[in-house]
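Novice: In case you want the letters, here they are:
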Amino acid sequence: MSNEIEFRDVNYRTSKTFSIKSLDLNVPKGSLYGFLGPNGSGKSTTIKLLTGMLRPKSGSIRVCGFDVPGDTPRMLQFTGYVPERPHVFPSFRIDEALAFHAAFYPSWDSDWADDMLDKFRLDPKQKIAALSKGETGKLLILMALSQRPQLLVLDEPTDGLDPVARRDVLTAMLDYVSETQATVFISSHLVHELERICDWVGVMDDGCLVAELPMQAFKNGIKRLRVGDAPNIEGETPFVLLNRKPHDGVVPGETWIVRGWQKDMRNYFDTVGATLKDVIDLDLEEGFVELLNSAREETDRV
Amino acid sequence: MFKQILYAHWKASHLVLLPLTLAAFALPMYSASHFSVTDFDVSSGFFPALAIVAGFAMAATAWQWDQQGKQIYAMSLPIHGWEYALLRMAAGSVALMVPVAALWLGSSASAIAASPPAGVVAYPHSLSLRFLNASVVAYAGWFALFSGRQRHQLIFAGGVLAFFVLSTLLASTFGIVDLSQKLLEFLLSSPGPFEVFTGSWRLLDV
Numbered sequence: 163m164s165n166e167i168e169f170r171d172v173n174y175r176t177s178k179t180f181s182i183k184s185l186d187l188n189v190p191k192g193s194l195y196g197f198l199g200p201n202g203s204g205k206s207t208t209i210k211l212l213t214g215m216l217r218p219k220s221g222s223i224r225v226c227g228f229d230v231p232g233d234t235p236r237m238l239q240f241t242g243y244v245p246e247r248p249h250v251f252p253s254f255r256i257d258e259a260l261a262f263h264a265a266f267y268p269s270w271d272s273d274w275a276d277d278m279l280d281k282f283r284l285d286p287k288q289k290i291a292a293l294s295k296g297e298t299g300k301l302l303i304l305m306a307l308s309q310r311p312q313l314l315v316l317d318e319p320t321d322g323l324d325p326v327a328r329r330d331v332l333t334a335m336l337d338y339v340s341e342t343q344a345t346v347f348i349s350s351h352l353v354h355e356l357e358r359i360c361d362w363v364g365v366m367d368d369g370c371l372v373a374e375l376p377m378q379a380f381k382n383g384i385k386r387l388r389v390g391d392a393p394n395i396e397g398e399t400p401f402v403l404l405n406r407k408p409h410d411g412v413v414p415g416e417t418w419i420v421r422g423w424q425k426d427m428r429n430y431f432d433t434v435g436a437t438l439k440d441v442i443d444l445d446l447e448e449g450f451v452e453l454l455n456s457a458r459e460e461t462d463r464v
Numbered sequence: 002m003f004k005q006i007l008y009a010h011w012k013a014s015h016l017v018l019l020p021l022t023l024a025a026f027a028l029p030m031y032s033a034s035h036f037s038v039t040d041f042d043v044s045s046g047f048f049p050a051l052a053i054v055a056g057f058a059m060a061a062t063a064w065q066w067d068q069q070g071k072q073i074y075a076m077s078l079p080i081h082g083w084e085y086a087l088l089r090m091a092a093g094s095v096a097l098m099v100p101v102a103a104l105w106l107g108s109s110a111s112a113i114a115a116s117p118p119a120g121v122v123a124y125p126h127s128l129s130l131r132f133l134n135a136s137v138v139a140y141a142g143w144f145a146l147f148s149g150r151q152r153h154q155l156i157f158a159g160g161v162l163a164f165f166v167l168s169t170l171l172a173s174t175f176g177i178v179d180l181s182q183k184l185l186e187f188l189l190s191s192p193g194p195f196e197v198f199t200g201s202w203r204l205l206d207v
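Chains as they are written, first to last, in the numbering used here: chain A, 163 to 464; chain B, 2 to 207.
Next comes chain A alone, as it looks inside the complex (with noise of 0.2 Å):
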């Protein structure tokens, strides 16, 4: 399967205190990527380095096929942008400001946009600066999805907006993709938003990568184990052990949280002397908080 976003070994520095160090990220075509982390992980300046607004210190990026941030332009054909804060000019009404993105796009689809303007009810007559955050969150997404992109990119889209709002845009969203087969790179700390929409999961902490792998894995794969008898871990396991509790007094035995969990690695325990005693599932953001919390413990321990 090819890539629709690749970055290779990509550094940059934001500040003395931040940087993102050694992303590699590798966004399959046609799939939708939840790109998940905590505020200021790095998620937004990762966007802005994979649509050519910042330039890495070092690394290659490839977004569409073309090099960013080198062939920047040419890779804006084909992407649609929702950024986090409203960017088109606040003094334009909805119809100036649809037709001045119009006239950078060839592929710009009018009958679309005027469609969509009736579904989400925006009069195009409305100046941009009094709508609400739902009306401009729609208008934004809009304007994306009229220039018929092959990737959508997404900046929290829905952060801010009420239910039925969020409900429109990313209604609006999914149709596209059904219908054209898009990739999209949406990003969000709303966590079970994106377990409903994404086949794809990326985590972001403190500028790092710290897990990508199919939604489907990483709601299967992190599990909650009670184990009894626990013993000293040397050697491999055939799991991924992400965190280690002892007995909280309540609960008989320790509590184990692991990654890339199989029904077949019961016999694990017993090879070691231990006692698996329940095997507990965890939602999306319950697995989200025990991988950073794992990652944050093992950048510590270094």
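For the record, the hints were derived by calculation from the structure and aren't laboratory data.
Pair ranges (Cβ atoms, derived):
1) A/Leu375 with B/Gly82: 31 to 41 Å
2) B/Lys71 with A/Asp462: 33 to 43 Å
3) B/Arg152 with A/Asp233: 25 to 35 Å
4) A/Gly227 with B/Gly193: 47 to 57 Å
Every residue gets a Cβ at the ideal spot worked out from N, C-alpha and C, and that includes glycine.
The hints should help you fit chain B onto chain A, whose structure is shown.
Specialist: Leaving out everything else, chain B in the frame of chain A:
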């Protein structure tokens, strides 16, 4: 594409363009009505001042919306940064033609209406051309300054101010050459870039 950039510029600048255009139309009339062969013509200084203000206003409005959005929108468009800057510059230059045309109309009308004494001639076309030249020079300078980030603009303005204050202080304290004076002389005299703002600017002259 250019049409849309021009429209965006018009939208951003039309409120300042209107008074500038009226002033440019009225100024030659004022100059003609206050003409005196012997006295110093105060209005002579108004023309370059208006050119500087017009250049400033067009350059500021060319970048105003992009600055508000930290240039994110411009950078997300599928054209090179230099192309976008050129389109913006061209749009501002076209808008600048409105006060220039108004000044030409105003001076032409004043030249027709005026009844100058013998030996005095009206120069509506050369005055308008000079105003066009001065406006474009002013616009180009302001445009370059406003295209930078706010931080860089402040650094530049601070640097220029510090240079003038320091060189004046050093010259007056130690009696050495005043560099700021030398720089001004270079900029304002031929072939300096700002020479166009100096000299006599009169609609009616001998």
